[in-house]
Amino acid sequence: MTDITEQRPTGLKDPNKSLARMLVLILVACIVLVPLITTMVGALKSPGELRTNPFGFPEQWLWSNYWDMLSGSRLWSILGNSLYVGMWTVALTLAIAAPASFAFAHLKFFGEQMLFNYLILGLTFPFATAILPLFLMIRDLGLLDTHWGIILPQVAFGLAGSVLLTRNAFKQIPDEIVESALIDGAGYGRIFWSIILPLSLPILSTVAIITFVTSWNNYLLPLVVLNTAENYTWPLGLMEYQGQYGNDWPKILTYITLTIMPAVLAFLAAQKYIVAGLTAGAVKG
Amino acid sequence: MATSASKLQYVASKRQMRGWKTAIIFVSPAIALFTLFIILPIIEAAGYSVFNWNGLGLPSPDRFVGTDNFERLARNKVFARAFNNNMLLIAASLFVQLPIALAMAALLAERRLGTITFRMIFFLPFILADIAAGLIWRFIFDGNNGLVSHASQAMGGDAIFLLADREYAFVAVLVAVVWKYFGFHMMLYIAGMQAIDKSLYEAASIDGANAWHRFRYVTLPGIMPTIRLSVFFSLLGALQLFDLVVPLTGGNPLNKTHTMVSFLYYFGIGRMKVGFGAATGVALFIICVVVAFSYKKWVMKDD
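Residue numbers (the numbering used here), protein chains in the order written: chain A, 1 to 285; chain B, 1001 to 1303.
Just so you know, the hints here were simulated from the structure itself, not pulled from any lab data. Backbone N, C-alpha and C define an ideal beta-carbon position, used for all residues, glycine too. There may be inaccurate statements among the hints.
Label pairs and their calculated CB-CB ranges [what the hints assert, rightly or not]:
id: 1; chain 1: B; residue 1: Y1217; chain 2: A; residue 2: G189; range: 51 to 61 Å
id: 2; chain 1: A; residue 1: A91; chain 2: B; residue 2: I1025; range: 50 to 60 Å
id: 3; chain 1: B; residue 1: A1164; chain 2: A; residue 2: W63; range: 26 to 36 Å
id: 4; chain 1: B; residue 1: G1157; chain 2: A; residue 2: A91; range: 17 to 27 Å
id: 5; chain 1: A; residue 1: S77; chain 2: B; residue 2: I1287; range: 55 to 65 Å
Using the sequences and the accompanying hints, generate a full structural model.
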């Protein structure tokens, strides 16, 4: 797992090289940050000023752009929809992936390897291939334009990666622990619930983070499934808003800033866990 | 006695089936959901791809068109351009994004002044949704309001309307992709570098290796497995890019900036041409699976 704050010994370095290193890093950091900063600052300008002065700070800081949007209900309702979809996707993914991973890691049953490989196959499949038949299926199930029409396929598509990660972590728990619990008369369900799960909270939170971020940012599936504005998740709401206001960039920039804020704040608050979570699949895979 | 007896019994059962009844209950929901929402639709896509069908009712036998949809796809100029764009994405990932990520990782692998701040800044774009990142870059490249155009004018040049340029609009997508994803690959490389045995560096220094030699002969071989994995992610990600294209160019101008998935969306789903869209999906599926399996077989065979 990548740890963003890992301690490393500091060696003695040539000061000129340190300076060159710093300059390169600052240059790249500027390239990364300038689009984000111009977006946030641009939201505070009037359309006229944005056109003539896109770089600099605004002459008049139009905080009202932000307040207008924050006091309306539109923003909150689409963020609420995204939160609802994300929470249920995380809950169901954990509820379905964790028991399956326990079975793959510690139980022996017919076709174990085959079923595991079958699930893992899903990691290389492009989701877009399934999207058209999935749309027809969701329509026939009567789930079109509902949040459950997004949650269920999202859970299904996240299973492969989640099961792979959790199974590998569960395997680290020694078989002897399972064996002695069996000898003490505990059933498999009890072992899973009282021993395996409490020992696996780090990997379960990692899976929860990956699943939530993927759901929060998902666009293609909600785009195909949802068609009334009050059900939209925030990426759909953002695109609709952009379509509605066309070239009124300050309005759109305000909307972008406010909708990416939850992700940015969550990242700043828990960057260590988020980086570890999002790169975990790669290192453990 | 009772303990050792049940232990013997347990050891015997371990070789055969152990807790298989529990396993059935624990595994079935995962297998069922995965089959219903992923595998079944992919099989259906293969089925629909040989019909000319608009998705209403059932595909009737007289709508059977054989390989017609695939032939139309192969002749389609927009799809050819989209495929070409996916190849450009792969090239940008390998020849621009990978070197930048590697260089930044080399500068940030050891903890020194400001290291953590820079790692966070470089990783930040990765956590943004593609939709938001795409819109931000649409603003940056906007000919009237955007940064690029104003910078050009400030230096005495003309306003630049890159997103309206028939030949080069896709460059905007490439820039946005590198901007958004290099930090993720950088974090992978940092993790790989931290796993390299420190004594190798000491031994190399004693043998008189300079910084470049240490990078070339210790770091690079040490993180090769990580690089192969990061290339694997880049390949599959580049073949499936969609979210970033929609807000940035929407496939415009003149359908020059589609990717295979945005082509599938606009020309298959958007127009409810189920058969043609399914054929596009099947083509995408075959390309992804062939790339993934041959890469795993030939390149990642030792990992």
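Inset, instruction - May I ask you to test the hint 26 to 36 Å on the CB atoms belonging to A1164(B) and W63(A)? - result: Holds, at about 33 Å.
Legend entry - Range hint compliance [Cβ, S77(A) to I1287(B), 55 to 65 Å]: Because 39 Å falls outside the window, the suggested range is violated.
Legend entry - Cβ separation of G1157(B) and A91(A), checked against the hinted range 17 to 27 Å: At roughly 54 Å between Cβ atoms, A91(A) and G1157(B) fall outside 17 to 27 Å, so the hint is violated.
Legend entry - CB-CB spacing for G189(A) and Y1217(B) relative to the 51 to 61 Å hint: For G189(A) against Y1217(B), whose Cβ atoms are near 53 Å apart, the range 51 to 61 Å holds.
Inset, instruction - State, for the Cβ atoms of A91(A) and I1025(B), whether the hinted interval 50 to 60 Å holds or is violated. - result: Violated, since A91(A) and I1025(B) (Cβ atoms, about 19 Å apart) do not stay within the stated range.
Violated hints, listed in ascending order, are 2, 4 and 5; each of the other numbered hints is respected by the structure.
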